[in-house]
Amino acid sequence: VLRSLGIPTRVITNFNSAHDRNTNLSIDKYIDISGKTLHLTEDSVWNFHVWNESWFIRRDLGSFYDGWQVLDATPQEKSKGIYQCGPASTRAIKEGDVNLDYDSSFVFAAVNADYVTWIHHSNKKKERIFSNTRKIGKFISTKAVGSNSRVDVTANYKYPEVKEISFKITYAQYKNSLLDDRKILVTAV
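Sequential numbering from 1 applies to the sequence shown in the UniProt record's numbering.
Mixed in with the good hints, there may be bad ones.
Taking lysine-lysine and the DSS-like style, the derived pairs with C-alpha atoms no more than 25 Å apart in a straight line are [what the hints assert, rightly or not]: (1) Lys124 / Lys138; (2) Lys124 / Lys29; (3) Lys143 / Lys36; (4) Lys36 / Lys124; (5) Lys125 / Lys94; (6) Lys158 / Lys94; (7) Lys29 / Lys143; (8) Lys29 / Lys125; (9) Lys125 / Lys158; (10) Lys158 / Lys143.
Estimated spans, in silico, between C-beta atoms of each pair [claimed, not checked]: (11) Ala73 / Ser149: 20 to 30 Å; (12) Leu5 / Ser34: 19 to 29 Å; (13) Ile33 / Glu161: 48 to 58 Å; (14) Lys126 / Leu2: 14 to 24 Å; (15) Gln76 / Phe130: 38 to 48 Å; (16) Ser4 / Ile129: 17 to 27 Å; (17) Arg21 / Lys138: 17 to 27 Å; (18) Gln76 / Gly146: 45 to 55 Å; (19) Phe130 / Leu2: 34 to 44 Å; (20) Ser4 / Lys125: 53 to 63 Å.
Hints are computed from structural coordinates only; laboratory data are not their basis.
Quick caveat: nothing in here was measured; it's all calculated off a predicted structure.
C-beta: ideal position from N, C-alpha, C; glycine also.
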């Protein structure tokens with residue numbers, strides 16, 4: 001419909017797409033002390049999710065947010081009382097401006113939520129044991145104009161992930177580093 005009105009529009013696919021039901025910007029997984037998964041949250045990670053982007057001038061948000069806007073025709077959550085999503089500025093999503101209207105926090109979580117594992121103790125206390133900051137929002141893609149090639153648009157949604165630095169140390173060095181007030185924690189090779 002938007003293309004027929006002359007508004008540039010394209011389809012976007014996000015792989016490892018987060019569905020953050022409680023809007024805390026993380027996907028929480030709970031396990032008991034034996035490692036069994038507990039179903040205490042409705043958060044989920046989908047293999048992929050598809051939405052549209054359209055090019056708008058954003059007089060309501062300011063020119064900083066002009067450009068591609070996310071519009072999801074298949075929203076799974078209510079926004080302001082009705083099932084809708086967008087238009088959320090991809091610039092706002094990339095910059096982490098999650099307090100803007102039009103579901104920027106929901107889309108931010110879809111592409112950039114942390115995947116957090118918690119131990120849920122019997123006394124209702126929870127303990128964070130692992131956080132994966134790289135799992136969500138992979139290979140965000142659209143189709144190239146004039147061909148069937150894939151165009152990676154991940155950089156429109158998020159800054160590059162920090163790369164891990166790989167180095168080797170001996171086990172003795174590793175053991176000594178742990179004794180030194182745990183100032184350095186590395187994986188022994």
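How the hints compare with the structure:
| no. | hint | verdict |
| --- | --- | --- |
| 1 | Lys124 / Lys138 | 34 Å, violated |
| 2 | Lys124 / Lys29 | 15 Å, holds |
| 3 | Lys143 / Lys36 | 40 Å, violated |
| 4 | Lys36 / Lys124 | 16 Å, holds |
| 5 | Lys125 / Lys94 | 34 Å, violated |
| 6 | Lys158 / Lys94 | 5 Å, holds |
| 7 | Lys29 / Lys143 | 33 Å, violated |
| 8 | Lys29 / Lys125 | 14 Å, holds |
| 9 | Lys125 / Lys158 | 33 Å, violated |
| 10 | Lys158 / Lys143 | 19 Å, holds |
| 11 | Ala73 / Ser149: 20 to 30 Å | 24 Å, holds |
| 12 | Leu5 / Ser34: 19 to 29 Å | 57 Å, violated |
| 13 | Ile33 / Glu161: 48 to 58 Å | 31 Å, violated |
| 14 | Lys126 / Leu2: 14 to 24 Å | 44 Å, violated |
| 15 | Gln76 / Phe130: 38 to 48 Å | 26 Å, violated |
| 16 | Ser4 / Ile129: 17 to 27 Å | 51 Å, violated |
| 17 | Arg21 / Lys138: 17 to 27 Å | 21 Å, holds |
| 18 | Gln76 / Gly146: 45 to 55 Å | 33 Å, violated |
| 19 | Phe130 / Leu2: 34 to 44 Å | 41 Å, holds |
| 20 | Ser4 / Lys125: 53 to 63 Å | 56 Å, holds |
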